[in-house]
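J.: Sequence:
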Amino acid sequence: MDRFQAHYIVNVTCDGPYIPLARTSLNTKGHFASKELESVYWDGLGPLPVTLNNDEELKNMILKQGVRDAAIFIEPTGDIVRIHGKWKNHLEFGVTKEQFEIYDRIAGHIKELVTLKPSTNLEP
Numbered sequence: 001m002d003r004f005q006a007h008y009i010v011n012v013t014c015d016g017p018y019i020p021l022a023r024t025s026l027n028t029k030g031h032f033a034s035k036e037l038e039s040v041y042w043d044g045l046g047p048l049p050v051t052l053n054n055d056e057e058l059k060n061m062i063l064k065q066g067v068r069d070a071a072i073f074i075e076p077t078g079d080i081v082r083i084h085g086k087w088k089n090h091l092e093f094g095v096t097k098e099q100f101e102i103y104d105r106i107a108g109h110i111k112e113l114v115t116l117k118p119s120t121n122l123e124p
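Per this note's numbering: the sequence shown = residues 1 to 124.
It is worth saying that the hints were derived from the structure and are not from the lab. You may find that some hints are simply not true.
The calculated EDC-like cross-link candidates involving lysine to aspartate or glutamate, where the alpha carbons are at most 16 Å apart (straight line), are [said to hold, decoys possible]:
1) Lys86 with Asp69
2) Lys64 with Glu38
3) Lys59 with Asp104
4) Lys64 with Glu101
5) Lys88 with Asp69
Only a predicted model underlies this, so the values are computations on that prediction, with no experimental measurement involved.
Let the sequences and hints guide you as you build the complete structure.
T.: Okay, structure coming up:
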């Protein structure tokens, strides 16, 4: 069975010891198909999880997602940072407008915390 995963790419350069690495830790109630989110907490390194945990609007946006879509991972790879969810099969795969808004908000926090790449545009 094929599996798919959408990645939201943030084009940043991480200076110094800061590594933007975080993931959601979910508290749930219920079992199997009736499982619901109760709360969301960010685990990780450096100031990113602290910033994300302080963003109440982001938490509320994530709590409106299903348990599977609320699992969010942030990891650096070279000069980019990837934001993604869990692997999905071809029937489940897709990114909703709400998920995109969540990833975009997270990307904004990442850009605030790290130095942006200098422009490669050589025009004056």
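J.: With reference to the structure, classify each hint as holding or not holding.
T.: Here is how each hint holds up against the structure:
1. Lys86 with Asp69: Holds. Lys86 to Asp69 sits at ~7 Å (cutoff 16 Å).
2. Lys64 with Glu38: With a Cα-Cα distance of about 10 Å, the restraint between Lys64 and Glu38 holds, given a limit of 16 Å.
3. Lys59 with Asp104: holds (14 Å)
4. Lys64 with Glu101: holds (12 Å)
5. Lys88 with Asp69: Since the Cα atoms of Lys88 and Asp69 sit roughly 10 Å apart, the hinted pair holds (cutoff 16 Å).
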